[in-house]
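*Asks:* The lines below spell out each chain.
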Amino acid sequence: MPHYLQSRRSASSHLLTAGVTHYSTHSFASEACSRSLAGPTYRRHPLQNDVRMELSLLNMLWSPVEEAAAFLNSLEVWEAVRPFVLWGQLMVFVCFLLVATIGRRLKLRRKYVELLDGVFNFAAFKLADDTDEEEEEDEAATSSDEEVVICPESPRAVPASHEGSFRFEDPLPYLAAGMRAVVSDCVTKSFTSAELRTWNMLSRTKRQRYLRKSPSLTVFWAVGFVLRWVFLMPVRVLLLVISLTTLIVLCAAVGLLPSSAFKRRLNKRVVMWCFDFVAGSLSIVARFHNPENRPTHGIAVANHTSPIDSMVLATDQCFDMVGQKTRGLLGLFMGALSRSSYHIWFERSESKERSKVIQVIQEHAQDPEKPPILIFPEGICLNNTAVVQFKKGAFEVDSDIYPIAIRFDLRYGDPYWYQNTFTGYVFSMMTSWAIVCDVWYLPPTRRGPNESAAAFASRVKSQIAHRGGFVQLAWDGFVKFGQQSEAWQRKRGEWRQRQQDAFARRLSSNEAEERKRE
Amino acid sequence: MGNKSSLMLQEQDIRDIQAETGFLPSQIERLYSRFTSLDKGDSGTLSREDFLRIPELAINPLGDRIVHAFFKESEDDHVNFRQFVRVLAHFRPIKKAQDNKLNAREEKLRFAFKMYDLDDDERISREELLAVLHMMVGENISDDQLNSIAERTILEADRDGDQMISFEEFCSALERTDVEQKMSIKFLK
Chain E
1 MPHYLQSRRS ASSHLLTAGV THYSTHSFAS EACSRSLAGP TYRRHPLQND
51 VRMELSLLNM LWSPVEEAAA FLNSLEVWEA VRPFVLWGQL MVFVCFLLVA
101 TIGRRLKLRR KYVELLDGVF NFAAFKLADD TDEEEEEDEA ATSSDEEVVI
151 CPESPRAVPA SHEGSFRFED PLPYLAAGMR AVVSDCVTKS FTSAELRTWN
201 MLSRTKRQRY LRKSPSLTVF WAVGFVLRWV FLMPVRVLLL VISLTTLIVL
251 CAAVGLLPSS AFKRRLNKRV VMWCFDFVAG SLSIVARFHN PENRPTHGIA
301 VANHTSPIDS MVLATDQCFD MVGQKTRGLL GLFMGALSRS SYHIWFERSE
351 SKERSKVIQV IQEHAQDPEK PPILIFPEGI CLNNTAVVQF KKGAFEVDSD
401 IYPIAIRFDL RYGDPYWYQN TFTGYVFSMM TSWAIVCDVW YLPPTRRGPN
451 ESAAAFASRV KSQIAHRGGF VQLAWDGFVK FGQQSEAWQR KRGEWRQRQQ
501 DAFARRLSSN EAEERKRE
Chain X
1 MGNKSSLMLQ EQDIRDIQAE TGFLPSQIER LYSRFTSLDK GDSGTLSRED
51 FLRIPELAIN PLGDRIVHAF FKESEDDHVN FRQFVRVLAH FRPIKKAQDN
101 KLNAREEKLR FAFKMYDLDD DERISREELL AVLHMMVGEN ISDDQLNSIA
151 ERTILEADRD GDQMISFEEF CSALERTDVE QKMSIKFLK
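Residue numbers (UniProt numbering), protein chains in the order written: chain E, 1 to 518; chain X, 1 to 189.
FYI, nobody ran anything at the bench for these hints, they're computed from the structure. Some hints here could point you the wrong way.
Claimed, not checked - Okay, derived cross-link-like pairs now, BS3-like style, lysine-lysine, Cα gap no bigger than 27 Å in a straight line:
no.: 1; chain 1: X; residue 1: Lys40; chain 2: X; residue 2: Lys101
no.: 2; chain 1: X; residue 1: Lys96; chain 2: X; residue 2: Lys114
no.: 3; chain 1: X; residue 1: Lys186; chain 2: E; residue 2: Lys189
no.: 4; chain 1: E; residue 1: Lys126; chain 2: X; residue 2: Lys72
no.: 5; chain 1: E; residue 1: Lys189; chain 2: X; residue 2: Lys189
To be verified - Short, incomplete list of chain X residues facing chain E, as computed with Cβ under 7 Å:
no.: 6; residue: Ser43
no.: 7; residue: Ile66
no.: 8; residue: Lys96
no.: 9; residue: Gln163
no.: 10; residue: Phe167
no.: 11; residue: Ser172
no.: 12; residue: Leu174
no.: 13; residue: Thr177
Said to hold, decoys possible - A partial selection of chain X residues facing chain E, derived with a Cβ cut-off under 10 Å:
no.: 14; residue: Ser37
no.: 15; residue: Pro61
no.: 16; residue: Ala69
no.: 17; residue: His90
no.: 18; residue: Leu102
no.: 19; residue: Arg105
no.: 20; residue: Met115
no.: 21; residue: Leu118
no.: 22; residue: Leu133
no.: 23; residue: Met164
Please read these numbers as outputs of a predicted model, since none were measured by experiment. Ideal Cβ placement from N, Cα and C applies to all residues, glycine included.
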């Protein structure tokens, strides 16, 4: 759908956002990576929705509000209230500015998060009564999960019946597994916005009926709505614009200096402070664990959730990014960043690019003076509950690899881009409470002497999955785009063959038993 | 806002579906959410491509048969939500206290029977069994061996000697199998 891609590109270039450079890995499954730029291709649905859902909800409550507003207007209360609203916005703006620029030291962001925590616990308590009754009954009656495993790697077939030969009930577990996949499959689940266990006061994350259930919750939601849309959102937009301009200007300024060690140090400080500023405007609260493993050179790999991943990491360490060249404002931004440091931009459509880029990465990684390179080997964004197979390109390079696990706390705000449009995504982030994440730096590793790049990639993937508490999927990233990708068509036959092989093995071992008996 | 009037499931629809299938309202809402997320074209119905977009289903050896089971009832090669839920209702776990309609043991067996019986003649012929066997093993077993396996299976289950398996013979062949457990899946609330 090329036209679809075009509209996405222009949309993203019209909006300034730091870190929207979609740092896909340099080993390019062509469409898969470029589509990650374009975001998902599926629609919203009633239970998880973008900002329009909130507005539609508002419509429901609007008529009494409208009457009240008309009444208030007649009392000229609005004239009285307006200065308060404006003052409120100004105060929030100043607060945010402080928090964004120096707030890290004052730990203000963390206090805000703790306050929200209390509110969510209250909501969970209120909603807890009715949901848990019948769940235990279901456990006993359903088919056990130890039977058929339908998976690209190491599928498992059901042990066939003891009497040997093929029985009519042998395909039944596959039937059940297929139905289970229709109801809920691990892959599609990882590509939609994750489900939360408690309600976080955003109507986009909970069903409508709960909103009408408890009046105190509705009040909380309404207050939260006003807070987020009237106070938080405009301030954040303004701050974002300011911070991005600062970033571009300062980077360009640093770029004017001649190449030297001082320039590198200055670049590091400037970029980190600027990204912190941008992160503050989105209320990003990040906690970094194991700073002794912070990458200082070589290649850093991390799991990919959203366009802002790189920004979050950039607030703690200065990285050099790898990404696709783009035009427009985003290209301008990338150009500005490039002036002060050695980012690697490539053009995916050129065929010889891959080996060239790997070479550049190799040289960059082995130069101890340059900052570490940041690569996202999955090639696509997921919803932060799972990791898919890592592409082996980054692991072919001979250098230290620093794995990083990023886990977002999705109760406060979901950075995963599931909305249809880029503006929808940005607004959704701007009207969330905060974006809270934990970053774990894992100790550096190198490829073993007899280890293939693919095995090394798997090893690093399981390290990251363990640390971050992610589900490990054996699927490749391109399944996100389903049948549109040629890679999927090729692989599908191969993977289906493996399931058939597994079943045939079971069947023929039975046959051998039967024949022995005869 | 979308142009789909069916974006929101009506209360009446939920009640009807609950009466027909026995699903709880929360389960129905969740299935509806799943239905709309599979419905990429926002048309209110699912096509075969929508089903085969699910990776785990696409590589399941029985994937095509499973998809076919959904389309058996529909005339125009599209599945709406009622049909979707009705098929899934066969896989509801059997609860002792409840009145099980679509997920009773006999209904489950009938569903399994229909998976074999492609031409709907109430009999499983050797060719139909061979077709299923072929789907399950691919190229791993030679045709002769498959033939003999199929023959043996039919021989064991065939009572009246017509070389075909009727529904009664099918049921008695599966008498000792725990169909309730093998053909039930968990539906979250």
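*Asks:* All hints, please: hold or fail.
*Replies:* Here is how each hint holds up against the structure:
| no. | hint | in the structure |
| --- | --- | --- |
| 1 | X:Lys40 to X:Lys101 | violated, 31 Å |
| 2 | X:Lys96 to X:Lys114 | holds, 25 Å |
| 3 | X:Lys186 to E:Lys189 | holds, 16 Å |
| 4 | E:Lys126 to X:Lys72 | violated, 44 Å |
| 5 | E:Lys189 to X:Lys189 | holds, 16 Å |
| 6 | Ser43 | violated, 11 Å |
| 7 | Ile66 | holds, 4 Å |
| 8 | Lys96 | violated, 9 Å |
| 9 | Gln163 | violated, 15 Å |
| 10 | Phe167 | violated, 12 Å |
| 11 | Ser172 | violated, 11 Å |
| 12 | Leu174 | holds, 6 Å |
| 13 | Thr177 | holds, 5 Å |
| 14 | Ser37 | holds, 5 Å |
| 15 | Pro61 | holds, 5 Å |
| 16 | Ala69 | holds, 9 Å |
| 17 | His90 | holds, 8 Å |
| 18 | Leu102 | violated, 13 Å |
| 19 | Arg105 | violated, 12 Å |
| 20 | Met115 | holds, 6 Å |
| 21 | Leu118 | violated, 14 Å |
| 22 | Leu133 | holds, 6 Å |
| 23 | Met164 | violated, 13 Å |
Checked against the numbered hints given earlier, this structure breaks hints 1, 4, 6, 8, 9, 10, 11, 18, 19, 21 and 23; the rest are met.
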